[in-house]
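Take a look at the letters that make up each chain.
2 protein chains.
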Amino acid sequence: MDSQSGAHILAEGRFLRVLRRSGWEWVERTNTTGAVVIAAITSDRQLVLIDQFRIPLDRRVIELPAGLVGDLAESKDERLVEAARRELLEETGYAARDIECLFDGPSSSGLTNETFTMVLAKDVQKVGCGGGDETEDIRVHVVPLAEIETWLALKREAGFLISPKIYSALYFIARQPAPVAGLENSP
Amino acid sequence: MDSQSGAHILAEGRFLRVLRRSGWEWVERTNTTGAVVIAAITSDRQLVLIDQFRIPLDRRVIELPAGLVGDLAESKDERLVEAARRELLEETGYAARDIECLFDGPSSSGLTNETFTMVLAKDVQKVGCGGGDETEDIRVHVVPLAEIETWLALKREAGFLISPKIYSALYFIARQPAPVAGLENSP
Chain A
79 MDSQSGAHIL AEGRFLRVLR RSGWEWVERT NTTGAVVIAA ITSDRQLVLI
129 DQFRIPLDRR VIELPAGLVG DLAESKDERL VEAARRELLE ETGYAARDIE
179 CLFDGPSSSG LTNETFTMVL AKDVQKVGCG GGDETEDIRV HVVPLAEIET
229 WLALKREAGF LISPKIYSAL YFIARQPAPV AGLENSP
Chain B
79 MDSQSGAHIL AEGRFLRVLR RSGWEWVERT NTTGAVVIAA ITSDRQLVLI
129 DQFRIPLDRR VIELPAGLVG DLAESKDERL VEAARRELLE ETGYAARDIE
179 CLFDGPSSSG LTNETFTMVL AKDVQKVGCG GGDETEDIRV HVVPLAEIET
229 WLALKREAGF LISPKIYSAL YFIARQPAPV AGLENSP
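Residue numbers (my numbering), protein chains in the order written: chain A, 79 to 265; chain B, 79 to 265.
Some hints could be false.
Claimed, not checked - Derived DMTMM-like pairs (lysine to aspartate or glutamate); straight-line CA-CA distance at most 20 Å:
hint, chain 1, residue 1, chain 2, residue 2
1, A, Lys-233, B, Glu-168
2, B, Lys-204, B, Glu-168
3, A, Lys-204, A, Asp-215
4, B, Lys-233, B, Asp-215
5, B, Lys-233, A, Asp-215
6, B, Lys-204, B, Asp-129
What the hints assert, rightly or not - Okay, the calculated beta carbon distance ranges per label pair:
hint, chain 1, residue 1, chain 2, residue 2, range
7, A, Asp-136, B, Ala-231, 34 to 44 Å
8, A, Thr-111, B, Trp-102, 18 to 28 Å
9, A, Cys-179, B, Asp-176, 28 to 38 Å
10, A, Asp-201, B, Thr-111, 35 to 45 Å
Stated by the list, open to error - Just so you have them, the derived chain B footprint on chain A, three or more residues with Cβ under 8 Å:
hint, stretch
11, 135 to 145
12, 184 to 198
Quick caveat, the hints were computed from the structure, so don't treat them as lab data.
Please read these numbers as outputs of a predicted model, since none were measured by experiment.
Quick reminder that beta carbons are idealized off the backbone N, C-alpha and C, glycines included.
Hey, can you work out the whole structure from these sequences and the hints?
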C-alpha cells in the first residue's frame, strides 16, 4: 500500500499511520494537518500552563495549552488562530484577544511529519473554568514569569515531566517589550 | 499482542512500534532509550547548527546536532554525555570539553514516549570535518549568536524548516554568564 508521497504504509491505526521510504520509518497523524501551542500571558505577567496525564509517557506532564488544528475549509492562518482560541478557552478558561504567530517547526524531525505553530496571546482574561472536554483531566496553573524557573524545578522534583516547548516560548516572551516581559526579574 | 505496560501493540516495524491503550494511540522507538540534543557554542560566541534532508518532512531542516542514545550497560548520564560527544564530532567536526545537562522532556507528549535531553557544550573546538556517517548528508553552520535571529529568518525564507528546539537552547544560552551569552547584542 502506497501513500501519495511514494512511501510504503506499514500500518494504519485510527489516529496514526507508520510509513517507510528509503529504509526510514516515521509516523503521521491520520486526522489533522498540524498542532497549535499557545503561550498565554496575563496582563500581570503570569504564564498560563496546564498539566495532564499523558498515556504515552505514563506520567503527568506540565505543558503549554495546545490542540490539533482541523482540516476545515478556511485559510490556514484562520484555522490556527481559531484553534488556538478554542483550545485555550477549553483547557484553561482563559480568553485571548489578539493572537500572534511566533514560529512553526517540526516536533521531532526524524520521527514524524508533525509540525506545530507556537502563538503568543497577550493579556488573556479568565472567563471560565477550563479543564478540557469530558475526556480530559486538565489542571490549570498560572505562574508569575519572575518565578517560572523555580516553579518548574519544584514540579520536576515532584515527578512531573516538563515540556521543552515551554522554554522555546520563554525565549520569545523574554524578548517581548514590557509589560509582558518579566523574566529579567527572575532569580 | 501486549507490551509490558499493558498496551496493545498495533504494529511493529524495524525501528518503530505503534501502541494503543484506553483508546489512545502512540509511537515508540524499538531500538533506543532516548535522544540527546547538543547546544554547542564556540569561545567566540557562535552556535553550531546543522541542516539535513529529513524524509518524514520531505524538506531540509535546520537543527541542533543530535543523536539517539544507545542502550549500553553504563549509567544513563555517562551514556548521554558519551552520545553527545560522539554525535557532535560525527555531525559537525567539533569536539566538546565539558558537557552540562540543561533539561530533559518529551518531544511530543500526545504522540510518542520519546524524550530528549538538551546539553550545553561550551568552548567547542573544530577538530574534523563533520558531515555525519556515510548514510547522512549533513551541512554544518557556525552562526554568531548576535545574528542568529536574522540568519534563521533568511533560512526560513529559503525554504528550510527550523527546529523549535533551537529556541529552547537559545533561552538557556541567553541566561549563561558572559562570555557565552551574546544574545543581548542581537537586533
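Hints, one by one, checked against the model:
| no. | hint | result |
| --- | --- | --- |
| 1 | A:Lys-233 to B:Glu-168 | violated, 36 Å |
| 2 | B:Lys-204 to B:Glu-168 | holds, 11 Å |
| 3 | A:Lys-204 to A:Asp-215 | holds, 19 Å |
| 4 | B:Lys-233 to B:Asp-215 | holds, 18 Å |
| 5 | B:Lys-233 to A:Asp-215 | violated, 40 Å |
| 6 | B:Lys-204 to B:Asp-129 | holds, 18 Å |
| 7 | A:Asp-136 to B:Ala-231: 34 to 44 Å | holds, 39 Å |
| 8 | A:Thr-111 to B:Trp-102: 18 to 28 Å | holds, 20 Å |
| 9 | A:Cys-179 to B:Asp-176: 28 to 38 Å | holds, 37 Å |
| 10 | A:Asp-201 to B:Thr-111: 35 to 45 Å | holds, 42 Å |
| 11 | 135 to 145 | holds (count 4) |
| 12 | 184 to 198 | holds (count 12) |
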